[in-house]
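Novice: Single-letter residue listing:
2 protein chains.
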Amino acid sequence: MNLMILSPIGAAVALIYAYYLANKVTKQPEGTEQMSKISASIRLGADAYLKREYSSVIKFFALVFAILFGLSMAGFMDIFIPISFLTGGFFSGLAGYFGMKIATSANARTAWAAKNSLNSGLRLAFSAGSVMGFVVVGLGLLDVSLWYYFLQYWFRALPEAARVAKISSLMLTFGMGASFLALFARVGGGIFTKAADVGADLVGKVEAGIPEDDPRNPAVIADNVGDNVGDVAGMGADLYESYMGARVSAAALGVAAGLGLAGFVLPMALAGFGVLASFIGTFFVKTEEGADQKKLLGSLRKGTYTAGILVAVGAYFLCKAILPAENVVGIYAAIVSGLIAGIAIGFFTEYYTDSSYKPTQNLSGTAETGAATIIINGLALGMKSTSIPVLIVGISVLVSYYAAGGASTFTMGLYGVGISAVGMLSTLAITLATDAYGPVADNAGGIAEMTGLGEEVRERTDALDALGNTTAATGKGFAIGSAALTALALIISFVDAVNKIDPAALNLSITNPPVLIGLFIGGMLPFLFSAMTMEAVGRAAQSIVVEVRRQFKTIPGLMEGTADPDYKSCVDLCTKSAQKEMILPALLGIASPVVVGLVLGVNGVAGMLASSTVSGFVLACMMSNAGGAWDNAKKYIEAGNHGGKGSEPHKAAVVGDTVGDPFKDTSGPSINILIKLLSVVAIVFVPVVLSFSLIK
Amino acid sequence: MNLMILSPIGAAVALIYAYYLANKVTKQPEGTEQMSKISASIRLGADAYLKREYSSVIKFFALVFAILFGLSMAGFMDIFIPISFLTGGFFSGLAGYFGMKIATSANARTAWAAKNSLNSGLRLAFSAGSVMGFVVVGLGLLDVSLWYYFLQYWFRALPEAARVAKISSLMLTFGMGASFLALFARVGGGIFTKAADVGADLVGKVEAGIPEDDPRNPAVIADNVGDNVGDVAGMGADLYESYMGARVSAAALGVAAGLGLAGFVLPMALAGFGVLASFIGTFFVKTEEGADQKKLLGSLRKGTYTAGILVAVGAYFLCKAILPAENVVGIYAAIVSGLIAGIAIGFFTEYYTDSSYKPTQNLSGTAETGAATIIINGLALGMKSTSIPVLIVGISVLVSYYAAGGASTFTMGLYGVGISAVGMLSTLAITLATDAYGPVADNAGGIAEMTGLGEEVRERTDALDALGNTTAATGKGFAIGSAALTALALIISFVDAVNKIDPAALNLSITNPPVLIGLFIGGMLPFLFSAMTMEAVGRAAQSIVVEVRRQFKTIPGLMEGTADPDYKSCVDLCTKSAQKEMILPALLGIASPVVVGLVLGVNGVAGMLASSTVSGFVLACMMSNAGGAWDNAKKYIEAGNHGGKGSEPHKAAVVGDTVGDPFKDTSGPSINILIKLLSVVAIVFVPVVLSFSLIK
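From first to last, the protein sequence lines are chains A and B.
Read left to right, the first sequence gives residues 174 to 869 (our numbering).
Read left to right, the second sequence gives residues 174 to 869 (our numbering).
Hints listed in this document are in silico derivations from the structure and should not be mistaken for laboratory results.
Be a bit skeptical, because a hint or two may be false.
The list makes no distinction among identical chains, and a pair is therefore deemed to hold if it is satisfied within one copy or across any two copies.
[Claimed, not checked] With a Cα cut of at most 27 angstroms, we get these calculated BS3-like pairs of lysine-lysine: (1) Lys753 to Lys531; (2) Lys808 to Lys824; (3) Lys378 to Lys824; (4) Lys475 to Lys459; (5) Lys288 to Lys475; (6) Lys339 to Lys288; (7) Lys232 to Lys753; (8) Lys288 to Lys459; (9) Lys378 to Lys224; (10) Lys531 to Lys468; (11) Lys197 to Lys288; (12) Lys200 to Lys210.
The structure presented is a predicted model; accordingly, all values stated were derived computationally and were not measured.
Sequences are here, hints too, so could you generate the full structure?
Specialist: As structure tokens, then:
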């Protein structure tokens, strides 16, 4: 039996389950009329943002499609590449749309459910997160399955070996549409959410002196919308892209390693099986009343660990059923090493950013000597925190390469590296569920606050929200780690793609000057990209500050609570800023591989890809972890340490937190997409670069 | 005629000129008794620091010498390697000692000379800087010349080709001693100077409310000592190392390219000729009374540009006299490209950090919305500022490689890259003079303030000091650029060194997993290293804060100016902290290539070296430029913009400046040494790694 069938089965299970959960969630009551009203405002804002984002992204899709179509007419690429570019973008956009729909439907419902019990609140928020998780993997599996069966049919005249080679090399480029959309989603969403957050805080909390999530703050709805467009839609698009990239590059490497159809099918079947494991895992997520954060975290962990163990067991039988006997153990070890690496990176991210561990506790102490020292030490913490993830990735690559047999067969070793990325991402459905749960709980807390649901409910939503911060940190580590492994697999696939057309063009030695210069350029790109996104947040936040100030000045009765602020204008401003500001960083990601390729040739591109992956991985870790640590150091002080809320150390910590905002929610996560997009664009343009580059 | 003779001639000219200038400087009057007294305190502190540093560094030298000696006894390296390790350290230490001696002698004299005229002050400070510049290159040339003639004699029985090959590969490792000392000097000096600076500011300026350089501040002498040990001794050791590394690696590459003795001699002769050009250049540095900063800068530039033009002309005749006819034009072009790259990087560093340009002016505006925004935008500025230096290095490598003939002969192209680094560094004597001039002027300003020399003098020393900040920025850019090119040359030499012993061991493709993992580790190392040095500054500054507070509390009459503070205890504390804190970062630099080599083999080391050079270059640019821009943004506000001194924006800018301190004066510059040291250690340990590595 061709186990490829697990891929559409997984897609079906995932989508049906997501549909079932979505139905269940939306059947819950939304609470009071005021709650419905606020939830509707957030929904409206999020819808408006997404509509506007998609309509401006469509123009870019049309442009790139036209270029790709022209190139395919000129014989530089297969016609399926421009078409798949559209389908990839479509499915990725759809996943973001569904994820955000359910998240914005579930926020008030979660707050209302928390009125009953902590467990009801958790179950509801987690169900909403699960919809996101399962929709992402479901559509990801569906996209690949549809294309696979269609291309099998289309190329049915070819003998099997040639057909599989053709299909695998074609599908390698199918991640580009998803990557492209993800970049806009992550960058745009990241700018939106932080502009709203910073804008709301600077005027509301600091100048007007009203608490967070206060309904009098004109930017409060924009802030809540931001949680959804940044953390839900952005994160979903990011991981959708990794999920696509990891599978298709592993498949291409499997075929290149001489495994034929088996090499192609294994990553797809593994991903399909991962959905089933995740499905079972979700049933282990529940908690009892009065559970503390440790217990809550434990209940989520039970779900992800169960799924992980199921995959670890099932993968062995999959390998046995699909691969030649001599490859079973090695490839299986590669899968497990990826699975473990993902969990380990998540754990160390938590270690560096959670205030229950030393690093963040110590960081909060440095606030006692002022803002400068907590900034310096936060940056140092972020920099230091990069070393363990680097070692984990290094060990994982080493283990999967040698276990798969790299010492004797180079290409088989590389397949091991590729399949380890799929292993890491196999339980994505449930990992993403625990992550997307966070913004729902965050929104629920905001709604509880705005509608005055009472102390007990607020305490429960706070507990859920605090947990959300931890899962967000773990999730970010996982997203970075999987992006790095995926990018690596894509780089190797890039080299393989060149090798198929013109092996003589390759001289990948790091002493070859084009490679060397490519390394320099690639090392710099994530820095330039981060600078762009950070400045974009600054500009966007500035415009929100001006608008919020204007409303406080010109709307009579606003501060007294007798008049409503104009929420919509803030949402509109954020939307417009995000749309405008996301273009330049996106262009950098798309144009760099082409421009570098046309000057330095394929070797220069390879150098650039390797170095941007390394430098991007390190920088993203640093920014995410420094940002997370500042955030939690502030919360740790607010919990009564080092003088507590309102003290001088607290003010210093607020500065740290504000610096960390664009770090952890805009620039850091956007780098994940950048490094994958660079690789996938490079793959698509291999024939063009080979033909026209200045340096061969 | 063997033009190698230019090397000892250059050494002689440099050292005699330095001696002459030093004599001239010390013959000038030191001013009032109080001025002498303060200058003596600074001198005493600096001497004490250096003595202590050298005595603790000697232990590490003994340890490493013992290891190297043992390895040479076991047949893993030539006996000359451990010996040259000592001589390299000795000469580098000597250069730092002389440079600091003269700088601490010239400070009061410069203040006193400024009483006569601006020109006298400039000439005196510049003379002191020149002593440093010429001593560094003089000893650098002397070290290499002595070894060259000695080894020529020692191996006289060998035929010329074999002899040159032997000498060039031996001397390649001779930079290790200098590197090793430089790391301690830069890291220790950087920690000292910033701990004193931050400590003095936090308590003196912020808590006690007394002005900068106030003699009542117990840390004021330590602060002035810090300028000398960090900016003079540290910078000197850094560039001494680049100067060594660039020449010996170019020489080795020249021999590897088949140029024989000519390939070896050219970099040495070029460096010797550069001393003569720099010597002539110094006579063009003078100014008239009432010169504004632009004119002052112009007068320094006249000196460096004259030297640059002389080298650009002379290098052609050197190439013609030394090289085979077909290589003259190409290698000459490579030299000029390095020369231009050095100037260009310096210019763009100035552009990004000087408040007469847009970036820093805009940055100062972001202080209006608080500390968080100026921090975010300063980091973004630093990140953005990395792209042009990367492109300059890239273009320079490309031009020198292809001009030298890399398209047809790979090794000749690499020689082009190596010689371009020597071209960049050829005018080091005068470049370093304009740089080391800064701390002297800074100290002079401090002494003028402490001794109440009057408004007019203070204005003149301020003008000299402001200029010093600009030359320091340019100098930092130059130091980073030359470190990157030197490191590149060393990496290529590393590969060549492996190639000579076991060509089969090399697989430098970036898809080879050990290379790939090496890239990851190398990309992370500068981050980890920076984290360590930043945290070290924080801890050291903390101890100074405690001590200064103690003195203000326990010494009666201190605030009233009736009692003297205990300057010495602060100097001692800084010294002790710096000694303690420099060890761990230094170990990281020394151990990494060996540990990575023993696990991942030579290919892993090559990946690590390439990536650490790239990531280190980018990070160092970012940190230095962000730090410089914050510093000057603060000064720009103090000059009356955005509310001026004491305003809220000014307070925000002070936070930025404080964050920038360890960035630009400790971590950033120390990375220069790290990347060179990694390479040179890797070269020394090639035979060991080849024999014992886990992965071959």
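Novice: State for each hint whether it applies.
Specialist: Okay, the hints, checked on the actual structure:
With identical chains, the CA atoms of Lys753 and Lys531 are at most 27 angstroms apart between copies only, with a shortest distance of 23 angstroms across copies and 41 angstroms within one. Taking the closest pair of Cα atoms, Lys808 and Lys824 come within 27 angstroms of each other both inside a single copy (12 angstroms) and across two copies (25 angstroms). Both within a single protomer and between protomers do Lys378 and Lys824 lie at most 27 angstroms apart by alpha-carbon distance, with minima of 12 angstroms and 20 angstroms respectively. Taking CA atoms no more than 27 angstroms apart as the test, Lys475 paired with Lys459 passes inside one copy only; the shortest distance there is 9 angstroms, against 75 angstroms between copies.
Taking the shortest alpha-carbon separations for Lys288 and Lys475, only the intra-copy value of 25 angstroms comes in at or below 27 angstroms, while the best inter-copy value is 77 angstroms. When the C-alpha separation of Lys339 and Lys288 is checked against a cutoff of 27 angstroms, the pair qualifies neither within a copy, at 56 angstroms, nor between copies, at 82 angstroms. In this homomeric assembly, Lys232 and Lys753 come within 27 angstroms of each other (Cα to Cα) only inside a single copy, at 13 angstroms, whereas the closest approach across copies is 59 angstroms. In the homo-oligomer, the alpha carbons of Lys288 and Lys459 lie at most 27 angstroms apart inside one protomer (16 angstroms), although the nearest pairing across protomers, at 80 angstroms, exceeds that limit.
Within a single copy, Lys378 and Lys224 get their C-alpha atoms no closer than 30 angstroms, and across copies no closer than 54 angstroms, so neither meets the 27 angstroms cut-off. Taking the closest pair of Cα atoms, Lys531 and Lys468 come within 27 angstroms of each other only inside a single copy of the chain (20 angstroms); across copies the shortest separation is 53 angstroms, beyond that limit. Taking identical chains as interchangeable, the C-alpha atoms of Lys197 and Lys288 lie at most 27 angstroms apart only when both belong to the same chain, with a minimum of 18 angstroms there against 85 angstroms between chains. In this assembly of identical chains, the alpha carbons of Lys200 and Lys210 lie at most 27 angstroms apart only when taken from the same copy (17 angstroms versus 84 angstroms across copies).
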